[in-house]
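Colleague: Chain R is already provided as a structure; the job is to place chain Y on it using the hints.
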Amino acid sequence: MGHDFAYPPVDFETRPDRYRHWKLSFDGPVATLCMDIDPDGGLWPGKYELKLNSYDLGVDIELADATQRLRFEHPEVKVVLVTGPKDAKVFCAGANIKMLGMAPHAFKVNFCKFTNETRVNLEDAAAHSGQTYVAALSGTASGGGYELALACKEIWLIEDGNAAVSLPEVPLLGVLPGTGGLTRITDKRKIRRDMADVFCTKAEGFRAKEALKHAFIDRAWSRSQWESGSAARAQEIAAATPDKTGPGVPLPALERRETETGWAYRYVTVDFDRANADRVVTLTLSGPTSAPVRDASTWSLQAFRELDDALLRIRVNHLAVGVILVRTRGDAEAILAHEAHVSDNLTSDWFWKEVQLFQARTLRRLDNTAKTLFAILDEGSAFVGTLFELALACDRQYMFADEDGDNRIRLSPANDGPFPMASGITRLAARFPGTPELHTAAVAHKGSIDAEKAEKLGLVTASLDDIDWEDEVRIAVEERVSLSPDALTGMEQNLRFGGAETCETRIYGRLSAWQNWIFQRPNAVGERGALTMYGDPERPIFDYNRT
Amino acid sequence: MSAVDYAERIPNNVNLSNDKRLQRALEHWLPAYLDWWNSVGPQVFQNNEVYLRTAISTEPGGWANFGYVRMPEYRWGIFLTDPEPDRVIPGGDHAGKPVWQEVPGEYRNALKRIIVVQADTEPASVEQQRYLASTAPSLYDARNLFQVNVEEGRHLWAMVYLLHAYFGRDGRDEADELLARRAGDADKPRILDAFNQPCTDWLTFHCFTCFTDRDGKYQLGSLAESAFDPLSRTCRFMLTEEAHHLFVGESGLERIIRRSAQLLRDAPNGDARAVGGIDLPTVQKYINYWFSYSLDLFGAEVSTNAADYFASGLKGRWREAKDFTEHSALNQTRAITHVQSGKLVDVDVPLRNAMNELLRSDYADDCARVVERWNKALEDEGLDSRITLPSTRFHRRQGIYSDSHFTPEGELISAEEWERRKDEWIPSDSDREYVQSLMKPVLEPGKFANYIAPPRRGIHGQTVEFEYVRTDG
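Protein sequences, first through last, are from chains R and Y.
The numbering of the first sequence is the working numbering, which starts it at 619 and goes up by one.
The numbering of the second sequence is the working numbering, which starts it at 440 and goes up by one.
Chain R extracted, bound-state conformation (with noise of 0.2 Å):
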């Protein structure tokens, strides 16, 4: 396995006419998104092929690209079909497992992570805006290719004594289906055990006679119905879904420089501490200098938009970053002025609502991110509504007292709905989970908060004065980047996701810990493991102790 093979930076932005994998065509209110993966275009040229419409990193980035311009440039899209090139005999073999036998761990994680997250974000759009995914599999689905479309609201699939739907990563690699398969036949469409079990462990998975009567599809037609099948029923979801005035908004590429000590775009900066050997990184996050606009320039989108590409650079090409220090800057009525435009129109402007939907996704992409998030509420700060959440979102809060009381935070109806977390509740609700007392207090609390206060009230870690300040911050940044990032990644990621779970923290919290783990044992990745082994000349041999 490759695990020293260092991998080129990957960029996160790319446009339709960029793509190599995906074609995006429109049909009134059903668009379609068809997967036609180029072999050759795998994210790092010629170390393996795309074959059977297998997937890498570079692929799904554009499926993620492709569902935020969905929403933000085709409103009057009220159906996406997932589908694959016609007559191709196989919709999509799921991740390229050559790509995942070579690649660092670490990558393996976050590729995983990231197709969750694009995942879950297709169920977030056909819940609260109005696109429904629909895989419509004229080929078979296979492993990540059945996950794709275990994301969707609908799956149909030909029937043509062929095609088939499958998960079949136990019995031919010995790891486990990466990206919420296993969860998703469970928990959202609640399939019985029994069949759940025979369904995972027979590699050639199931026809559609069979995918139908156990529910691991909605609907099958014949080949010659197909295309008059799926066009009807698209066009009766269609049908069902409200019309959304007003036009689209285009979403331009961010303008992202280089800097000194990092990267930089409008609202958003990046800054490595080189004194700690780059593993500290310090995220400035400003506020607004213009009124709200009716497009993608935005505060409330822009400013989001490019925390949202911070995140996913940092997580990927910055491995060795072990500590966030998440900051913030800016005027505070400025900040709730934008966010009160925002809530203001929720109804009467989809744009609005897609706004606080993407603020929202981006709050859980930072949840879900596996370094350690020290929010800094420094002398400047403006952690208000909105940005609190940013503070909520991280691990620990350190506030600064200043002698005036000027440095405050404030909360919001922001604090209180709009921004669930992956378990349906706000981050307020998870901070006080033995004490909803204070929970209750802090929503009800009105006007401004020193750090004292905040203290008190349990909404901050700290707060800290001038004499203690530099050295209690940088104490704990210091401590906190001598302990085992393993360890830690464990850790944050319990105590983040504390109380009930959903079918989303349930996906991403078994990804993390039984995923991961089968991936890094011997029976998988030894010198003849399964994962190892596929493709060779010899068979896997198993250590069959169970643990």
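Take these hints with a grain of salt, some might be off.
Stated by the list, open to error - With beta-carbon atoms standing in for the labels, derived distance ranges: (1) Y:Gln875 / R:Thr650: 36 to 42 Å; (2) Y:Lys782 / R:His746: 50 to 56 Å; (3) Y:Ser853 / R:Thr650: 29 to 35 Å; (4) Y:Lys782 / R:Asp656: 19 to 25 Å; (5) Y:Pro720 / R:Ala849: 43 to 49 Å; (6) Y:Ser573 / R:Arg811: 52 to 58 Å; (7) R:Trp1135 / Y:Arg758: 45 to 51 Å; (8) R:Ala1131 / Y:Leu769: 32 to 38 Å.
To be verified - Below, simulated EDC-like cross-link-like pairs (lysine to aspartate or glutamate); rule was C-alpha separation at most 16 Å, straight line: (9) R:Lys820 / Y:Glu545; (10) R:Lys827 / Y:Asp612; (11) R:Lys707 / Y:Asp632; (12) R:Lys820 / Y:Asp609; (13) Y:Lys627 / R:Asp705.
If you're looking for bench data, these hints aren't it; they were derived computationally from the structure.
Every residue, glycine too, gets a C-beta built ideally from N, C-alpha and C.
Modeller: Only chain Y this time, still in chain R's reference frame:
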């Protein structure tokens, strides 16, 4: 149906009359099979008596009993070559260990898939050829077609026997599906592409039986080396029948080639078409087409599945037990020519991953020997023209050559050049129209269509003039 009926109705050496499980499976399957035969089997002469060979036992000569029979009354039997005492697994990781008499759970799905894919080709060719008899060039040829058809039907039985006997409910479902798919059907096509192509002329039929059935011979040969003994024994028995199909194709093409040569000698301007024959360049194009199509059936040149099947002993190399001394096929490579940046480059591939290519090349060698025999016929007729076998890279739709274009000699050419010259190499629409225009039935005993020479001798010691199909009903 009682057990006694089974033994009489279905000749077998699998103890059918005492096997309740098999009986139950067949009770359901047999009527469905007959429905299938009657609806998509031969569309003419179903009620005529045909001089056919029927296998009734595995004794020497028992597999070849000749007599008149109406096809729907044909006794499709279930035969396995007699067990070889102490047979061991020929190749792969388990080489040298005793063969399996039952399916190991670990390989159940893979084995089932292998059997289903092989089985699917058997009814498919019957369906493809169902209209052919209405244009038979002679009663002799019609009879050969029907012999091939009923034996393809029996091969389906052989495979269905394995599914019924060893694969439980899944196996029964798959057996049903084998009768539900149809060659060329838009909704339920046969699994492999070559078996969805229509076969409406006799040049195609003979190419198909010569080249595509020969693929079957090699697939059966690799399954005859299987660790799963019932599969191995079934395939070995099927191979004896397959040999006749290859004879039909090889000799049929030889007769067309010979006839072309004869017509050419007498034809003005050396144009066999002018005197109602099929000219040699057209025959060559059909050979190019069907040879290349049949090569696709062997699967990818570099294949994980092929390596797995060999490693686990599900398949072996051609004559694995007899011709090889080293049976692991590990730490060896095979050079396979790849197209890289517009050039042909040999790449060493681990031998196990190259198993498809190995079998394909054994097959191509066999085809080359056939072509030599045809050329001998041309020589006998005093003609200088020769038939050639195209390169295995030519006109491929599957595998590593399918994205590039090649001349019949295997030279890499551009897509433009291919488009410009393909009518020189594979049948054009007008070639097909011409061949189709010759397809007129000749049903008088001993008479043959103009484009095909009579055979040297008849079937089973009968004369060429023998009434192989009784046309009076």
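Colleague: Does each hint hold? Answer for all of them.
Modeller: Evaluation of the provided hints:
no. : hint                             : verdict
1   : Y:Gln875 / R:Thr650: 36 to 42 Å  : holds (40 Å)
2   : Y:Lys782 / R:His746: 50 to 56 Å  : holds (53 Å)
3   : Y:Ser853 / R:Thr650: 29 to 35 Å  : holds (32 Å)
4   : Y:Lys782 / R:Asp656: 19 to 25 Å  : holds (21 Å)
5   : Y:Pro720 / R:Ala849: 43 to 49 Å  : holds (47 Å)
6   : Y:Ser573 / R:Arg811: 52 to 58 Å  : holds (56 Å)
7   : R:Trp1135 / Y:Arg758: 45 to 51 Å : holds (46 Å)
8   : R:Ala1131 / Y:Leu769: 32 to 38 Å : holds (37 Å)
9   : R:Lys820 / Y:Glu545              : holds (11 Å)
10  : R:Lys827 / Y:Asp612              : holds (11 Å)
11  : R:Lys707 / Y:Asp632              : holds (11 Å)
12  : R:Lys820 / Y:Asp609              : holds (12 Å)
13  : Y:Lys627 / R:Asp705              : holds (13 Å)
Hint compliance for this structure: every hint is met.
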